[in-house]
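Residue numbers (my numbering), protein chains in the order written: chain A, 4 to 158; chain B, 5 to 620; chain C, 15 to 437.
Calculated from the structure, these hints are not laboratory results. Treat the hints with caution; some may be incorrect.
With a straight-line cut-off of 30 Å between C-alpha atoms, the simulated BS3-like cross-links for lysine-lysine are [claimed, not checked]: (1) 14(A) <-> 406(C); (2) 412(B) <-> 112(A); (3) 121(B) <-> 412(B); (4) 556(B) <-> 580(B); (5) 112(A) <-> 131(B); (6) 408(C) <-> 315(B); (7) 485(B) <-> 593(B); (8) 585(B) <-> 572(B); (9) 408(C) <-> 143(B); (10) 408(C) <-> 290(B); (11) 153(C) <-> 112(A); (12) 430(B) <-> 52(B); (13) 210(B) <-> 64(C); (14) 121(B) <-> 52(B); (15) 75(C) <-> 16(C).
Chain A is faced by these chain B residues, among others (derived, beta-carbon under 8 Å) [as the list claims (entries may be wrong)]: (16) 211; (17) 230; (18) 233; (19) 235; (20) 294; (21) 296; (22) 297; (23) 301; (24) 302; (25) 303; (26) 305; (27) 309; (28) 327.
The C-beta atom is built at its ideal place from N, Cα and C for all residues, glycine as well.
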Amino acid sequence: MLKALQLEPEKCTGCLQCEMACSYENEGVFNPSKSRIKVFNFHDEGRFAPYTCSQCSEAWCLHACPVEAIVINPMTGAKDVLEDVCVGCKVCTIACPFGTVNYNADSGKVIKCDLCGGDPACATACPTGAITYVDAEHTGLARMKAHASQTIPKN
Amino acid sequence: MAWTGQILRVNLTAGTCVAEPLNREWAALYLGQRGLATKYLAAEIDPKIDALSPANKLIMATGPLTGTMASTGGRYSVITKSPLTGAIACSNSGGFIGNEIKMAGWDMIIFEGKSPKPVYLYLENEKAELHDASHLWGKSAWDTDHHLHNEYQDPLLRIACVGRSAEQGCLYAGVINDLHRAAGRSGVGTVMASKNLKAVAVRGTKGVGNVRDMKAFMQATNAAKAVLSGNPVTGEGLPKLGTQVLMNVINEVGAMPTRNMREVQFEGSNRISAEAMLVPRESDGKPNLVTNAACFGCTIACGRISTIDPKHYTIVNRPQYMGANGGLEYEAAWALGSDTGVDDLDALTFANFICNEDGFDPISFGSTVAAAMELYEIGAITLATTGGIEMKFGSAEALTKAAELVAKGEGFGRDLGLGSKRLCEKYGHPDLSMTVKGQEFPAYDPRGIQGMGLAYATSNRGACHLRGYTVSSEILGVPVKTDPLTTDGKPELVKAFQDATAAVDSSGLCVFTTFAWTLEDIAPQVDAACVGGWTPEKMLEMGERIWNLERKFNIDAGLTAADDTLPKRLLKDAAKTGPAKGKVNELHKMLPHYYEIRGWTADGVPTPDTLNRLSV
Amino acid sequence: MKHVVIGAGPSGVVAAETLRKLDASASVTIVGDEPEAPYSRMALPYFLVKQIPEEGTHLRKGANHFAQQRIDIVQDRVTAVDRAAKSLTLASGGKMAYDKLLIATGSRPVAPPIPGMDLPGIFSCWTLADGRAIAQRAKPGAKVLLMGAGFIGCIILEALAQSGADLTVVEMEDRMVPRMMNDTAGNMIKAWCQSHGVHVHTSTRVTGIAKGSAHPFKVDLSTGQQLDADLIVSATGVRPNVEFLDGAGLEVQQGIFINRHMQTNDPDIYAAGDVAQGRDFSTGESSVQAIQPTATEHGQLAARNMAGHTGAVHRGSVNMNVLDTLGLISSSFGLWMGKPGGDSAELVNRERYRYLNLQFDGDTLVGATSLGMTQHVGVIRGLIQTRTRLGKWKDKLLEDPTRLMEAYLASTQAVGFNAALLK
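Chain A extracted, bound-state conformation:
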């Protein structure tokens, strides 16, 4: 069964361990600015929201890519960016309606969550259980998926 990242903002304290873990896993340095997962701070509301790609089945990024640089990983179901194929045209960054594909000016390529190939570092690093890697059928995830699918009707 495919697994997915379950994000529970109500448990997040905003410590950014996930961002450091993600950037370390993918870039070899602690660098939140290169993280594929981001924690958003709702200051006036006193809330934090971790947020990353839900690996949506619509795969807007993949379809928008002009050079087939985004592919589905058969093991994880993740939409992976093939860095050596990506030309950095950024069309996927505007096509993804969730805003979870970002341009990395240093590499000239785009970056997005690839579930670390099946062992997401963010989930391991999260000290409060706000990020977990669970069976895709898990109820909490169904809630998120339901949301994701209603976000933009797939014509």
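Dock chains B and C against chain A, hints included.
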């Protein structure tokens, strides 16, 4: 390694920003942050200078673990000569600015001179620019933060700045970062403002990667994180209740300074405690506490995020205070509450918001208000002095009005901004100032916790709980329980805590981890990150080195053993209630032995042998 | 069932693949008139600067991709469509029958009517062949004149400047990227390009090109100025490839007019991509959107309808663009110029080249423009296309548009007890 190897020197007089290599020899001796920056400051300024003159320097320093995955690894410190105490100042803050400075590629920033006009520093990786800040001068820290974020259109820009209190010369103004984290004590913000430096805005996208042994580092930090989560204080107490977890504990042991330290227990403590912050209020059914929040990389998350009762008089028609914001930590709740006799949780929260909004230390502020209340009670100041404020113990209105006046440096707020020592001297009652070396006390009465008396008297930055927190041992039993009412063994205990804390403060980690961690947990993390073979013993020795360096700075600045004392009230007036009833602080029983084990003369001066032994 | 797709660009290829997925037994053929494997024009600038090899421009990377998918690729040009006979006439002389036809022939550059435009050595950057020719001539220091600073012009500009050429841009309108950026943003891009050593002439036309002596070309501008050029690249606009439909009786306006099933006025003929005049999400009107996401969206939808999935109704595509002009990244979405009576929020920092402009209709976001924003820009599309009611977050955005991501999350992703608080 783990250091970036680069420091930024900003000459505000000349308007230049120059990179220079980190002094590696010093880094090997002083690690980073508090220790290393103190070394730079001591080497570069004459300790006798006027703290508010251009000759003073102000250093913002990270530690080697700042910006790493080590839990709490986001700390930075502001080091300068204090205008409040005339001694060394080193104020530590969390939030998200320390890591950002590090990720921009800098170990520390040294500000020197004085800008001819208000400026702010914009730092984006190697790009360092001074910009005109005329449009920010006269703005609160919150407005400054908002303005810079909008100007750069970057929500992730991290900002440290001073509020209006600092501009107006309040002697205990801090440097506020991320809206409500603060390098709060000893007036480091006052120094920053005296240099016409309004803000430091940082964006670092280079990351921190040069860890000596990454595998060992991840192992060490993971093991240490497990210790934090498994410990009842750092794993449960602090996340749930924050440092406010201490309010009821300290009140029960009779060490809760109350009404300008006349008493040691506060009858209203349960109305301003951590538990009180969780009780839903009548007006909107919500509790004061919205959530706990973490600083960068912190797996404890003790920070309080609060709202004020929407019906409370302080915020009617003032939407800027209606949202969630930095709530009461124990020290603020005590100083604003117990020490002034005010038990109105919302008034305290409001006063705390104001302290954040305009950047001044709630401990010093609360204690100064407490002193003013006592002066008012005995008739030494009157309504004419206060501008019509009835400065009565227990008056929430007096407290919140005072906060707003200090924030803007208006009216009686100018007197209050001088701090308790100068205020009490000005109005003829110096003994009513509850200070050491001119800095106000924190929330532990040394009559009920004897070791803290020695810790306060000998603290290098004046009265302070964060220079040697023997409360840990004397009350909480960490790492071993000692009797708070005896002086036996306290000099050794104080020295050990002072040295260990100096080491932690130089690493980039938060001292609150030491509720659970000892140097045995910390040294392996530092060692995996840095060259130099950092054992617990070496860390402790470094702590002692730092302590002596700070001491030497203070002595060179003109301080003497006569400054290692406590207010008469704590030495002569016995505690009236609680377990410490009948006790005064017996500092005289501890101080000589403390000097001795420090390797200092009977006058409290480090001997040449001691300085040589420690390579100071 | 025999599906024929005319055009081997992104729209045609996505359509063919979708048809194959939906109908394993159908015959699927792509007719394309260029010699190379199907490639992406979007990728040409990167080929131009040698960031990628020619294969890097290919739409599909597997050598046998189309064979494996059982998609026939025929290199030929369709010269006429006989709707009655359901047959195509091919340039090579043959005929090809179809049951369902998709026209995805894209567009091609138009040369402005200027004396000298027919001189050899003037290129558009449209085909791989153009790309090769330009790459060969755009040497470091070569004087290159780029005509047109529209979206395509700016994409080429990036590549030309990177090649080290001495670059001059001439644009008729008063700013750069005039059909994607408002006055403020378009002029900020101009200032950026100038600060990076590109000579930019706006509100200027090329009035004539002649052979030069020291350099191959002498160019006259409407300002009276005369420039030397070693290479001229024209990017002054494109026109849909519809000429082969003359007399076929299909309704053509700006492009081939299609309904919300991507059908032309002939129910067996569909159109998609740059050649099609489809529904614009923001206006509800039909227009040509010559952009990659719309091309693939069209291709997919057309295929589903061709395969009989007539429930697939086109809700309209959001017009959007992202551009990298010498490192300054800009994007625009939907009704970036705003809607009459709608509120807007704007933050301008000319010194830092940061710009953010949000346009609302009531409390929904309908358009946006940004400069210097690379993170989470996609949520702008998300908010526009879902017509999300922003409620109180609209007011917060009016006050501080940089809180876009918070507004997005609060309005769309709020879960658990956050939902009540954030909405």
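Hints the structure violates: just list their numbers, smallest first.
2, 4, 17 and 19
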